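Number of protein chains: 6
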Amino acid sequence: MSAPELLADVLIEALPYIQRFQDKIIVVKYGGNAMVDDKLAKMFAQDIVLMRSVGMRPVVVHGGGPQIGDLLKRLGLTSEFRDGLRVTDAVTLEVARMVLEGKVNSEIVSAMNIYGPHAIGVSGGAAGLIRAKARNPELGFVGDVTAVNPRIVEKLLAEDLIPVISTIGEDDAGQAYNINADTVAAAIAESLHAEKLVYLTDVDGLLADVNDPASLIRRASVTQSREMIANGTISGGMIPKIEACIASVQNGVRAVHMLNGTVPHVLLIELFTDAGIGTMLTSDANAALIARAQGAGQH
Amino acid sequence: MSAPELLADVLIEALPYIQRFQDKIIVVKYGGNAMVDDKLAKMFAQDIVLMRSVGMRPVVVHGGGPQIGDLLKRLGLTSEFRDGLRVTDAVTLEVARMVLEGKVNSEIVSAMNIYGPHAIGVSGGAAGLIRAKARNPELGFVGDVTAVNPRIVEKLLAEDLIPVISTIGEDDAGQAYNINADTVAAAIAESLHAEKLVYLTDVDGLLADVNDPASLIRRASVTQSREMIANGTISGGMIPKIEACIASVQNGVRAVHMLNGTVPHVLLIELFTDAGIGTMLTSDANAALIARAQGAGQH
Amino acid sequence: MSAPELLADVLIEALPYIQRFQDKIIVVKYGGNAMVDDKLAKMFAQDIVLMRSVGMRPVVVHGGGPQIGDLLKRLGLTSEFRDGLRVTDAVTLEVARMVLEGKVNSEIVSAMNIYGPHAIGVSGGAAGLIRAKARNPELGFVGDVTAVNPRIVEKLLAEDLIPVISTIGEDDAGQAYNINADTVAAAIAESLHAEKLVYLTDVDGLLADVNDPASLIRRASVTQSREMIANGTISGGMIPKIEACIASVQNGVRAVHMLNGTVPHVLLIELFTDAGIGTMLTSDANAALIARAQGAGQH
Amino acid sequence: MSAPELLADVLIEALPYIQRFQDKIIVVKYGGNAMVDDKLAKMFAQDIVLMRSVGMRPVVVHGGGPQIGDLLKRLGLTSEFRDGLRVTDAVTLEVARMVLEGKVNSEIVSAMNIYGPHAIGVSGGAAGLIRAKARNPELGFVGDVTAVNPRIVEKLLAEDLIPVISTIGEDDAGQAYNINADTVAAAIAESLHAEKLVYLTDVDGLLADVNDPASLIRRASVTQSREMIANGTISGGMIPKIEACIASVQNGVRAVHMLNGTVPHVLLIELFTDAGIGTMLTSDANAALIARAQGAGQH
Amino acid sequence: MSAPELLADVLIEALPYIQRFQDKIIVVKYGGNAMVDDKLAKMFAQDIVLMRSVGMRPVVVHGGGPQIGDLLKRLGLTSEFRDGLRVTDAVTLEVARMVLEGKVNSEIVSAMNIYGPHAIGVSGGAAGLIRAKARNPELGFVGDVTAVNPRIVEKLLAEDLIPVISTIGEDDAGQAYNINADTVAAAIAESLHAEKLVYLTDVDGLLADVNDPASLIRRASVTQSREMIANGTISGGMIPKIEACIASVQNGVRAVHMLNGTVPHVLLIELFTDAGIGTMLTSDANAALIARAQGAGQH
Amino acid sequence: MSAPELLADVLIEALPYIQRFQDKIIVVKYGGNAMVDDKLAKMFAQDIVLMRSVGMRPVVVHGGGPQIGDLLKRLGLTSEFRDGLRVTDAVTLEVARMVLEGKVNSEIVSAMNIYGPHAIGVSGGAAGLIRAKARNPELGFVGDVTAVNPRIVEKLLAEDLIPVISTIGEDDAGQAYNINADTVAAAIAESLHAEKLVYLTDVDGLLADVNDPASLIRRASVTQSREMIANGTISGGMIPKIEACIASVQNGVRAVHMLNGTVPHVLLIELFTDAGIGTMLTSDANAALIARAQGAGQH
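Chains as they are written, first to last, in the working numbering: chain A, 32 to 330; chain B, 32 to 330; chain C, 32 to 330; chain D, 32 to 330; chain E, 32 to 330; chain F, 32 to 330.
Read the hints as simulated data drawn from the structure, not as lab findings.
Since we're looking at a predicted model, the values are computed, not measured.
Please note that a few of the clues may not be correct.
Note that the list lumps identical chains together, so a pair holds whenever it fits in one copy or between two copies.
[What the hints assert, rightly or not] Okay, derived cross-link-like pairs now, EDC-like style, lysine to aspartate or glutamate, Cα gap no bigger than 16 Å in a straight line:
| id | residue 1 | residue 2 |
| --- | --- | --- |
| 1 | 272 | 233 |
| 2 | 70 | 40 |
| 3 | 186 | 54 |
| 4 | 272 | 226 |
Construct the complete structure from the given sequences, taking the supplied hints into account.
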């Protein structure tokens with residue numbers, strides 16, 4: 032097949048997916064290795080810009096734990112950890128905010144804006160977007176989401192912009208908190224009634240056997256997920272993650288995806304093919320719909 | 032390269048073209064063999080629907096000479112021809128209108144609407160779209176365009192619909208005329224200040240040597256076209272066609288394309304690749320811009 | 032009374048009706064002898080244009096059985112009939128579509144556009160307007176309405192246009208069907224929650240005694256209509272027609288009118304006088320309202 | 032001809048006028064005997080409401096000299112006159128304002144609102160509509176228009192309301208002035224670029240021979256009017272009136288009409304017949320257009 | 032403290048009130064001594080203009096009993112009173128209307144328009160605003176409100192105008208009635224779901240002991256008000272007034288204020304300070320909210 | 032004077048300024064000591080929020096040189112300076128961006144959002160806001176503004192938000208540059224055709240005698256400024272500053288103010304008093320207008 036013919040064929044194959052996700056909000060949690068590898072970062076920017084160009088409305092939420100750690104180290108600061116969480120005093124928070132808003136966020140926005148002035152960084156503290164409170168006084172300024180006001184995001188989407196959100200929230204007194212990016216992404220996707228919430232991680236998705244990559248579960252309904260927790264297929268650290276996905280689906284997100292962000296263009300492969308490449312979790316009702324529509328190239 | 036990787040690569044390659052033609056009006060004159068071959072007709076429908084899905088605003092203008100001839104024959108009617116034009120009496124006009132609006136137009140619209148309810152047939156007589164007058168009393172109801180009121184087309188485009196226009200015009204008294212489809216397409220493209228006017232024909236484009244397909248001229252500015260007419264490179268029946276293209280460019284159409292409608296997905300190949308596949312004619316100023324932008328994948 | 036005084040008096044008499052039906056949607060089923068008589072056709076066009084000019088929003092739905100029969104005959108084709116319905120094979124459907132969309136529809140639109148570029152033909156297949164399925168495999172492509180998507184009609188009305196709809200519907204695969212025009216008119220009026228659905232036929236309206244024109248029933252509520260069916264006043268072929276009118280009223284149409292389309296300007300006389308000229312069927316609630324408002328010149 | 036047929040015929044005859052004046056602004060100066068005769072006042076209200084109902088946008092401007100005189104008399108107050116103008120001291124102004132805004136205006140609005148809640152009184156002092164200054168210190172609070180801000184009128188028209196304007200203007204310090212109603216009507220018509228400015232007076236229009244009603248001049252262009260002034264056809268007190276009409280036409284009003292307000296429904300007769308009934312003055316260019324369009328029932 | 036510092040401090044103190052009442056509708060019943068004292072009238076105009084300038088949406092409703100009495104007297108007319116209400120025959124109504132619409136209303140509007148063209152007088156009869164009927168045939172044209180159509184007021188507010196409403200209502204036949212201004216203000220505030228309804232009167236507010244100004248009740252919930260009626264704290268003529276306030280709160284007005292209009296700038300003092308200066312009555316729920324928010328400077 | 036009376040008087044005095052600057056864009060360059068003193072920073076936040084609350088549209092532009100120096104120092108990094116500018120290599124740029132976007136900007140936004148969710152941080156790199164290029168290769172990533180696309184700022188203002196802009200620009204390839212905040216503020220004010228551009232600095236304004244604070248020049252026209260440069264009144268480092276102010280005025284900014292940011296609430300004092308407190312530079316035409324309007328409390 033010659034190159035132009037190939038191009039045409041691929042575009043025509045993509046048509047049903049382009050049509051299906053027209054005007055749909057796709058919230059993408061960006062993090063992990065995908066964010067620190069320059070080549071993957073460039074592909075991620077391309078994927079998000081392409082999604083926007085064909086009519087989807089992507090929203091990016093990112094964290095930046097390793098980059099925060101780097102700057103703390105460069106500053107000669109050490110952190111205490113409790114239950115795997117960094118105790119965040121005022122100085123650590125200041126460093127975290129600088130890294131998240133002034134480095135990680137800026138780099139993501141810049142990488143996209145090479146393809147046109149479409150991306151805009153938004154702090155979770157902007158215009159009341161993310162309200163937060165302290166999770167536990169012992170952890171300092173580690174926050175939990177108390178409320179989301181998605182109006183600013185909706186307005187930016189209405190302007191055809193790509194919001195890139197860093198995970199700082201604030202309380203009524205203006206005190207900032209550093210919040211887990213997965214949590215923020217879920218809260219935002221739920222408040223926007225997003226079509227999809229996509230987690231880019233360093234693993235392929237949900238594995239029936241954590242040691243066997245071939246045991247990847249492509250799709251699961253809420254009921255199936257709960258059965259897998261009950262029968263031990265899902266265990267350990269995966270349980271809270273799956274519980275969070277279930278909660279998002281129950282709070283109005285149509286599908287939650289877990290993808291391996293280190294696969295080049297993993298977003299496009301998941302969104303523009305029937306088989307997909309990672310794990311997709313949906314409500315029981317949607318799972319049934321998708322099973323029926325299978326032949327029609329929908330997911 | 033595996034299929035999913037290929038898909039991603041092709042989509043990323045298409046990105047600059049998708050961005051470039053966002054919201055742009057592309058008027059496509061549809062006719063010739065492409066219209067009577069079922070497989071090509073299906074591909075044409077797919078191409079137009081895809082163009083709409085990625086944000087372009089296609090407008091289709093079609094004729095239907097052969098199909099009119101068919102029905103006349105089935106009705107046992109014969110036509111006189113003068114200067115290659117069918118003398119159109121009242122009965123012939125009635126037949127032409129039935130075929131154009133009730134058969135050709137309907138089939139084009141139906142073929143597209145398989146992919147979603149986006150296409151809508153529009154007679155040139157609707158809402159004052161095409162005003163016409165008799166070209167020559169001896170030819171009967173063969174018309175020339177006297178005015179175009181593109182408002183109804185603009186409104187349908189604003190509703191994200193694909194207007195499919197048949198080439199019947201009317202005068203102030205409501206008398207209909209059958210008009211040449213190339214002429215109507217040009218008049219509509221000019222009145223809409225279209226980004227592109229694309230003629231789908233049965234030849235590859237403009238040939239420097241009419242007997243040598245390899246002599247295809249990919250791009251020409253107005254000045255270059257005139258030089259080719261002056262030095263005989265363009266000759267015979269091509270001269271009035273090129274003159275029409277030049278006029279459209281001078282009346283505000285950014286580029287006029289001549290493509291071979293019998294090449295599968297020829298629209299996508301022309302629009303989504305740098306090299307293109309047919310002939311593109313632009314103003315001198317745009318030709319210079321395009322030459323500069325070449326490296327950036329623009330045309 | 033001098034002519035100018037007369038003009039003023041008539042206009043002032045018309046004022047309450049003009050005010051009452053401001054912005055109201057009036058769906059008119061056009062057919063029968065009114066459509067094949069040139070003089071009546073011109074008056075019909077005038078009436079519809081006038082209705083639009085004083086602020087109503089008319090929608091015309093038409094069939095074209097006799098004209099289809101004519102072309103079939105000219106083509107030497109014969110049809111089989113079952114239960115009074117023409118068995119519609121692919122060739123018959125092709126002919127029907129050409130006649131409805133390319134002849135009858137065009138003539139109606141042209142007749143109106145003499146008074147300004149306000150009318151636009153719309154195929155039932157356009158933009159998903161009428162979804163259909165086969166009524167009975169033995170009848171071929173005779174269709175029943177499965178769904179109506181009135182959005183395109185609403186949009187054209189919002190542009191102050193007069194939609195003229197031909198009664199071709201399509202299924203999801205793009206297959207067309209010829210559908211009874213009364214059925215389509217009712218489906219469209221119901222989907223638009225029209226103020227009125229008007230059937231132009233060849234009889235004066237509902238007669239208590241089918242042999243006595245003087246027995247015309249001017250107004251009937253749903254309950255009264257049912258009583259007339261029960262006590263035999265309405266009988267035979269009128270029963271399904273009245274049942275359809277009752278259904279439309281119950282599905283949200285405020286009033287259904289049966290008028291004799293061969294009476295010159297019958298639409299104006301029905302709409303702009305208190306007495307009216309044909310039969311009007313309303314819900315019990317509206318009938319009571321109208322009885323109360325009688326003195327105020329409302330119906 | 033039976034009554035219903037007559038109704039239909041008259042409506043169809045009115046159609047071209049209804050279409051022609053769709054959305055057009057018609058400023059009507061209301062005054063004289065037409066305003067003090069209850070029957071004529073009711074007809075005036077009907078005419079204005081009908082004009083609105085068929086799509087025109089009427090604006091009424093009124094004075095109330097006789098009514099002001101009445102109240103002054105009831106209060107035992109006498110006025111001095113200079114050059115035919117009432118010297119307006121503070122008490123006289125107070126009385127004038129009460130009569131204009133609280134009596135004449137209210138009665139006009141009430142008479143119209145019987146036919147629906149469409150009319151609204153507007154003082155010239157409201158929202159900066161009419162800015163004024165003293166004409167001559169010796170005349171007290173008799174004002175000249177210094178500026179018109181038609182925004183409030185445009186907004187009310189956009190709400191499909193009928194503005195009824197009383198002729199009080201104010202200066203920047205909030206001081207009110209009583210202004211001649213003809214002057215205010217002209218200033219408002221010009222600022223709105225009205226289609227028509229209609230003066231309802233007690234005479235039939237412009238007479239070539241002031242003693243011969245049969246010498247009524249139906250139409251005059253600016254040039255013709257000037258010739259009539261030059262050759263003495265127009266003389267005496269008519270000269271300043273015609274000069275004002277000419278000025279309005281030159282300031283953007285398409286036609287100025289002088290009508291006899293004591294003729295029942297004179298507005299409808301003038302607007303809905305080709306011949307009209309009073310005098311119409313237009314620019315030379317429009318006069319030529321109208322002459323051409325005569326056969327088409329336009330003026 | 033120097034003057035500029037003082038200015039800044041006061042503005043900053045006003046900030047929470049400015050923010051709280053942003054875009055809120057405040058209906059002010061204007062009357063009593065505040066309306067007949069020139070200095071107070073000027074301050075009232077300033078207060079209303081300032082309220083608009085910082086983002087509130089004030090609506091003024093006024094009566095004019097004393098001014099009506101004045102003109103009746105100047106005209107040598109006497110009135111009969113029954114139960115404290117002036118028997119209003121046709122002449123009295125004519126006088127009342129002239130005074131209300133042509134004098135009192137105009138003066139209020141003019142006083143505000145010195146600060147910019149923002150105020151507009153509106154008769155209760157305009158555009159169907161206030162529908163009325165006779166209260167009692169023996170009282171003549173004294174009216175009760177039967178319906179309020181606030182659309183015209185909403186439209187004027189949307190244009191950033193200040194509506195100043197005089198208290199004439201009309202019935203369907205166009206007959207006018209003079210209506211108590213308190214009643215009209217309440218009806219309008221309720222139909223607009225106003226944030227506040229403010230009565231400017233000649234007393235400080237609700238007094239626990241009518242002889243002791245120090246017994247002013249600053250705030251009362253509906254329940255507290257009813258208790259005060261039950262235990263006799265509120266008695267006599269205050270009872271119907273408080274009942275009206277309670278009704279307004281129950282019909283959707285957030286707070287009703289009774290202020291002494293003879294205190295300079297009483298509106299600003301009530302709206303921009305925590306303590307306020309008069310009496311505020313709210314629903315039980317709002318009273319609780321306010322108690323909680325006390326520290327935050329809200330009422 | 033009692034407190035409530037005082038409050039009312041101050042508000043009424045502020046009224047003309049509130050009205051004058053309604054909907055006007057005020058660009059404030061924030062920097063210097065005002066930004067590093069917690070108390071002043073809080074007052075600045077209050078002033079900006081108040082300006083927004085009374086209808087102005089403030090835009091804040093900030094730098095952060097000292098804060099960048101702090102973090103560089105904490106990281107043990109040293110900088111070379113040329114001509115007073117810090118040579119900015121990739122690491123310095125990374126630090127600058129973190130400090131500007133992740134610390135200074137966030138603190139300003141947080142301080143305002145205590146008073147409501149109205150402020151939003153915007154990087155100059157967002158949505159193509161500030162395009163930049165290297166000033167001089169020897170200075171590294173120190174940038175000059177090449178273009179401003181104010182659309183994102185206009186959109187945020189249309190949403191009633193307060194944009195807080197950090198001074199990072201980007202080139203087409205996505206490379207960031209650190210740009211002088213005064214330059215960015217001027218470029219943004221000019222592109223927005225701002226009413227005012229306000230520089231908050233550490234000096235009182237323009238001094239005729241740099242050693243004498245009493246020699247403060249309150250107002251200067253362009254011509255006066257040029258004369259002061261010519262006659263040596265303005266000299267040394269003030270010359271380029273004044274030249275920049277002149278350029279802004281000539282590029283469409285109505286007035287440029289130089290204020291001492293260390294004076295509490297200096298913004299309110301300058302904007303809400305006739306005398307002002309710093310230096311205001313305007314075009315010759317505006318200077319004349321202001322002189323005339325002096326008595327009316329305008330500047």
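Outcome of the hint check:
no. : hint      : verdict
1   : 272 x 233 : within (14 Å within a copy, 53 Å between copies)
2   : 70 x 40   : between (27 Å within a copy, 14 Å between copies)
3   : 186 x 54  : within (14 Å within a copy, 20 Å between copies)
4   : 272 x 226 : neither (19 Å within a copy, 46 Å between copies)
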